[in-house]
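Based on the hints, put chain B in the right spot on chain A.
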Amino acid sequence: MFSGFLSVRAQSGQNSNMRSILRNLVFAFGCIAIIALRTQDGFAIAWQTSASGAVMQQPSSQYYHYCYGGEFQIRSNDSARGLKISFLQRPEFNYGGFTDQESAIAVMYGGTLSSKSFLFNNAAAFVGASQIDGFIRENATNTTRKFSSSGLIYAFEWGKLRDRFTAALFHSSHIGFGSDYQSEAFVAWPYIFYGAKVGWAL
Amino acid sequence: MKVAPLKLLLSFFAIAIAPPAAFAYKFGEQNSSVLAQAFTANAGGQTAYAVKRFNTDHEWTFFANTYLLAGGIPLLGGVYSLRHTFISAKYPFQSFTQFGLGASTGGVVAEGTIGMTLLYLLRIDLTSHLIINQNRAISWSYPFWTGVSVPL
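In the order they appear, the protein sequences are chains A and B. If you count the first sequence from 1, position 166 lands on 178 in the working numbering, and the numbers rise without skipping. If you count the second sequence from 1, position 6 lands on 1479 in the working numbering, and the numbers rise without skipping.
What the hints contain is simulated information worked out from the structure, not anything from laboratory work. Using N, Cα and C, we set each Cβ at its ideal position, and we do this for glycine too. It is possible that some hints are incorrect.
Said to hold, decoys possible - Using C-beta positions, here's what the derived DEER-type ranges look like: (1) A:L181 <-> B:Y1553: 31 to 41 Å; (2) A:Q113 <-> B:A1576: 32 to 42 Å; (3) A:S191 <-> B:I1605: 26 to 36 Å.
Chain A extracted, bound-state conformation (with noise of 0.2 Å):
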């Protein structure tokens, strides 16, 4: 599913060997989670499910802009390790005469370092691949441009697991890798997510 949605996104060649890259990069993600989950003693495993709130902060920019989403989790049955899959979308915005939108989907691996962090019995650490996409409308001629960005994403989670039920706060950032020239010039796009979660697990 994921092969499909990074391919037909892809507008140049420049970035094909970056995407081809990522696609790599969430199969193996997938295979290692699969066995490190399997290698646990008394395997057990969880379907968690989230909705999250969070403020997205773009490249270059000072401003947050709010968003929403959720993620759907595989995870060990204490949380130790697990794989994610997590979506983020800024609303619409439509203002001056242009339209514009962005949507950040990620997916991780990672798991629980702490049980016993400051006031909360849960710190966590994800690491993958993720990707933004865009567009911006002019809305007098209906001219679209779409952008993407693909790169790697790390996360942090601070909160309470308690059964079934899960609350956290967390900060992700999407480091978009540039073009072949870009990255020569240690240009890299960052993208930056403050938020909080709740979620149930089956």
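For chain B alone, coordinates are given in the frame of chain A:
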């Protein structure tokens, strides 16, 4: 001057890899890092210096970011972090994550890092800062903050 690749590889191993590897094997941890360059959404990236002292459980960082100014001078700060090691310094590839809190010339700073050290020497961090002062909260990212790690 033409140098045989194998000779070059062996020289590099003898000079750069073997001593820190032996030290890490003996004492179980490397202790200092110096970082200098990170990516950002502008040509040239950001020159951000950091001196770090650490063991398996915590780290002290002092940093100066020449890309960001606070009061007209480069942002200066210090952070104390709790460190969680995934792969220890006894292996050629090490990885870790950290959560920290500190102070800077821009305000109180909270830090989160996921990082790795390759071949005992090359350290690459992915770091986020949240700087809070009386006027606002500023989030800043240090993608691929790169430097060297030494057993000192």
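Hints, one by one, checked against the model:
1. A:L181 <-> B:Y1553: 31 to 41 Å: The hint (31 to 41 Å, Cβ to Cβ) is violated, given that L181 (chain A) and Y1553 (chain B) are roughly 20 Å apart.
2. A:Q113 <-> B:A1576: 32 to 42 Å: Given a distance of about 38 Å, which is inside 32 to 42 Å, the answer is holds.
3. A:S191 <-> B:I1605: 26 to 36 Å: Holds: the Cβ-Cβ distance is about 35 Å, inside 26 to 36 Å.
Of the numbered hints listed earlier, the single one contradicted by the structure is hint 1.
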